[in-house]
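In terms of my numbering, the sequence shown opens at residue 13 and continues consecutively.
No wet-lab data here; the hints were simulated from the structure. Keep in mind that this is a model prediction, so the values were computed, not measured. There may be inaccurate statements among the hints.
[To be verified] In silico SDA-like pairs for lysine to any residue, Cα to Cα no more than 20 Å straight-line:
1. K246 with G364
2. K142 with P169
3. K188 with E286
4. K227 with L281
5. K301 with P289
6. K227 with I328
7. K306 with Q189
8. K188 with I328
9. K142 with S99
10. K188 with L309
11. K188 with K246
12. K194 with R317
13. K304 with K227
14. K194 with P308
15. K188 with S198
16. K300 with F288
17. K227 with S356
18. K194 with M184
19. K227 with E280
20. K227 with L347
21. K218 with K300
22. K293 with V259
23. K300 with R316
24. K293 with S320
25. K301 with S204
26. K142 with Q189
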Amino acid sequence: MTDTTKSCSNSLSPSSSSYSWWPVIRELRQDQEVISERWQSTRRQYNQLNISCDQLLESLWIEHALSYSLTKVLSHRSPPADWMATSREADSITFLNASQRISSPNLLESYSRFLGNLRSHPEAVAEVLKWAGQEGLDSAHLTYDLVSVVYGHCVFPEDHAQLLNMICHLLMHHIKQCSSIKEMFSIEPVCSRVMSEYCQQLPGLKSFLSQVLRKPLMSILNYTDGYLDYDVTKASARLQGTDDFDVSAYIESSSRFISSVCGEFLVELNRFQEFFPPTLKWLLHRLKKLMKEKWPLLSVAELRRPVSYMLFGFIISSAFVNPDLLGIMDVRIVLDEVAWYNISQVIGVLQGCAWIIDKVETSDYPMRRVVRYMDM
13 MTDTTKSCSN
23 SLSPSSSSYS
33 WWPVIRELRQ
43 DQEVISERWQ
53 STRRQYNQLN
63 ISCDQLLESL
73 WIEHALSYSL
83 TKVLSHRSPP
93 ADWMATSREA
103 DSITFLNASQ
113 RISSPNLLES
123 YSRFLGNLRS
133 HPEAVAEVLK
143 WAGQEGLDSA
153 HLTYDLVSVV
163 YGHCVFPEDH
173 AQLLNMICHL
183 LMHHIKQCSS
193 IKEMFSIEPV
203 CSRVMSEYCQ
213 QLPGLKSFLS
223 QVLRKPLMSI
233 LNYTDGYLDY
243 DVTKASARLQ
253 GTDDFDVSAY
263 IESSSRFISS
273 VCGEFLVELN
283 RFQEFFPPTL
293 KWLLHRLKKL
303 MKEKWPLLSV
313 AELRRPVSYM
323 LFGFIISSAF
333 VNPDLLGIMD
343 VRIVLDEVAW
353 YNISQVIGVL
363 QGCAWIIDKV
373 ETSDYPMRRV
383 VRYMDM
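All chains should be built: construct the whole structure from the sequences, respecting the hints.
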């Protein structure tokens with residue numbers, strides 16, 4: 013046998029070193045098959061997740077569109093026919109996939125990059141909204157579209173964070189435009205709409221407000237003695253021609269009742285303060301810090317005024333006038349004129365209390381009749 017034949021025989025023999033690699037090779041191939049199967053499974057789950065996310069965003073878009081329309085009807089800013097039209101449109105709406113509608117790959121990539129850049133640059137979105145407000149455009153619909161399309165109704169934490177940053181840029185712009193702290197009480201419409209839209213994206217806020225407002229609202233709705241007035245001029249005009257009616261006693265009784273309702277609200281607010289949404293709390297602290305940087309000589313109490321005013325103006329007041337949307341009362345119950353008026357009176361006092369440091373510091377003299385009964 014030649015040397016070459018011996019060498020080949022030795023290399024193929026079971027005792028050769030190469031034979032010992034076969035178990036390793038088989039194990040690696042098995043691992044490769046397992047990895048391939050898991051990769052395919054992960055890919056299927058990823059595709060299913062994308063489909064589920066799309067369905068979730070579509071459902072949220074429809075839900076918020078219906079909620080937006082219903083809020084306008086309940087606040088008497090649009091007729092019920094608009095709600096019916098929106099409801100019919102929501103039942104037949106068809107969502108389009110951009111990747112299927114845009115045939116050009118370059119155009120699709122540019123569109124995706126545009127939305128991504130817009131989402132990751134909240135200052136640019138703030139500039140767009142400011143421009144819309146200055147040009148007199150319909151910033152309400154623009155705000156809704158930006159929150160729903162660019163930030164996806166805050167389904168993902170990153171969208172929530174970017175929307176918060178955008179609101180901060182709007183507040184910074186508003187503070188720069190204000191020459192004094194008093195001008196902070198007239199928030200720009202665009203900023204107020206964004207704040208209102210943001211509050212609707214917080215599921216925990218609705219639960220918090222329903223707990224805080226249930227008791228004071230039910231007290232107002234159960235009040236059966238007519239209109240609540242703390243202003244003598246308005247009360248006298250309302251009761252003009254009424255015989256044997258003591259206006260002073262009427263004002264006193266109304267003031268005491270409004271004071272008790274406001275007291276109930278403050279007690280409930282303090283009771284459930286731990287359930288206040290932390291992101292909203294952060295935003296209010298951020299506003300206070302921005303004002304401190306602009307007006308470093310202001311006291312803590314003076315800085316607290318606009319923050320409290322924003323809390324009452326954008327969050328509490330809007331919830332007060334829509335108790336049915338919070339589940340506090342049946343949506344089928346229609347509030348009469350007296351109930352709406354009494355609710356507005358309580359809201360006015362609460363908003364006034366947001367910037368009153370002590371019981372006598374207020375330019376609204378009639379409100380003193382209510383405030384003097386309150387333990388602030």
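Hints versus structure:
Proposed proximity of K246 and G364 is supported: the alpha carbons are some 18 Å apart, at most 20 Å. Restraint check for K142 and P169: not satisfied, since their Cα atoms lie roughly 25 Å apart, outside the 20 Å limit. With a C-alpha separation of about 32 Å, the suggested pair K188 and E286 falls outside the 20 Å cut-off, and the hint is violated. Between K227 and L281 the CA atoms are separated by roughly 11 Å; this keeps the pair inside 20 Å, and the hint holds.
For the hint linking K301 to P289, the alpha-carbon distance of about 19 Å falls within 20 Å, and the restraint holds. Of the pairs offered as hints, the one joining K227 and I328 holds, with about 14 Å between alpha carbons and a cut-off of 20 Å not exceeded. For a cut-off of 20 Å, the pair hint linking K306 to Q189 stands: about 11 Å separates their Cα positions. With a C-alpha separation of about 26 Å, the suggested pairing of K188 with I328 is violated against the 20 Å cut-off.
Restraint check: the Cα-Cα separation between K142 and S99 comes to about 31 Å, which exceeds 20 Å; the hinted pair is violated. Of the pairs offered as hints, the one joining K188 and L309 holds, with about 16 Å between alpha carbons and a cut-off of 20 Å not exceeded. For the hint linking K188 to K246, the alpha-carbon distance of about 38 Å lies beyond 20 Å, and the restraint is violated. Between K194 and R317 the CA atoms are separated by roughly 9 Å; this keeps the pair inside 20 Å, and the hint holds.
A threshold of 20 Å between alpha carbons decides the hint, and for K304 with K227 the separation of about 35 Å lies outside it, so the pair is violated. Among the hinted pairs, K194 with P308 is consistent with the structure: their alpha-carbon atoms are about 15 Å apart, no more than 20 Å. With a C-alpha separation of about 13 Å, the suggested pair K188 and S198 falls inside the 20 Å cut-off, and the hint holds. Of the pairs offered as hints, the one joining K300 and F288 holds, with about 17 Å between alpha carbons and a cut-off of 20 Å not exceeded.
Of the pairs offered as hints, the one joining K227 and S356 holds, with about 16 Å between alpha carbons and a cut-off of 20 Å not exceeded. Between K194 and M184 the CA atoms are separated by roughly 16 Å; this keeps the pair inside 20 Å, and the hint holds. For the given pair, K227 sits about 8 Å from E280 by alpha-carbon distance, which is consistent with the 20 Å threshold. Restraint check: the Cα-Cα separation between K227 and L347 comes to about 17 Å, which is no more than 20 Å; the hinted pair holds.
A threshold of 20 Å between alpha carbons decides the hint, and for K218 with K300 the separation of about 24 Å lies outside it, so the pair is violated. Of the pairs offered as hints, the one joining K293 and V259 is violated, with about 43 Å between alpha carbons and a cut-off of 20 Å exceeded. A distance of roughly 7 Å separates the Cα atoms of K300 and R316; the hinted pair therefore holds under the 20 Å criterion. Using a Cα cut-off of 20 Å, the hinted pair K293 and S320 holds, with the two alpha carbons roughly 11 Å apart.
For the proposed pair K301 and S204, the alpha carbon gap of about 19 Å is at most 20 Å, so the pair holds. At most 20 Å may separate the alpha-carbon atoms for a hinted pair to count; K142 and Q189 meet this at roughly 12 Å.
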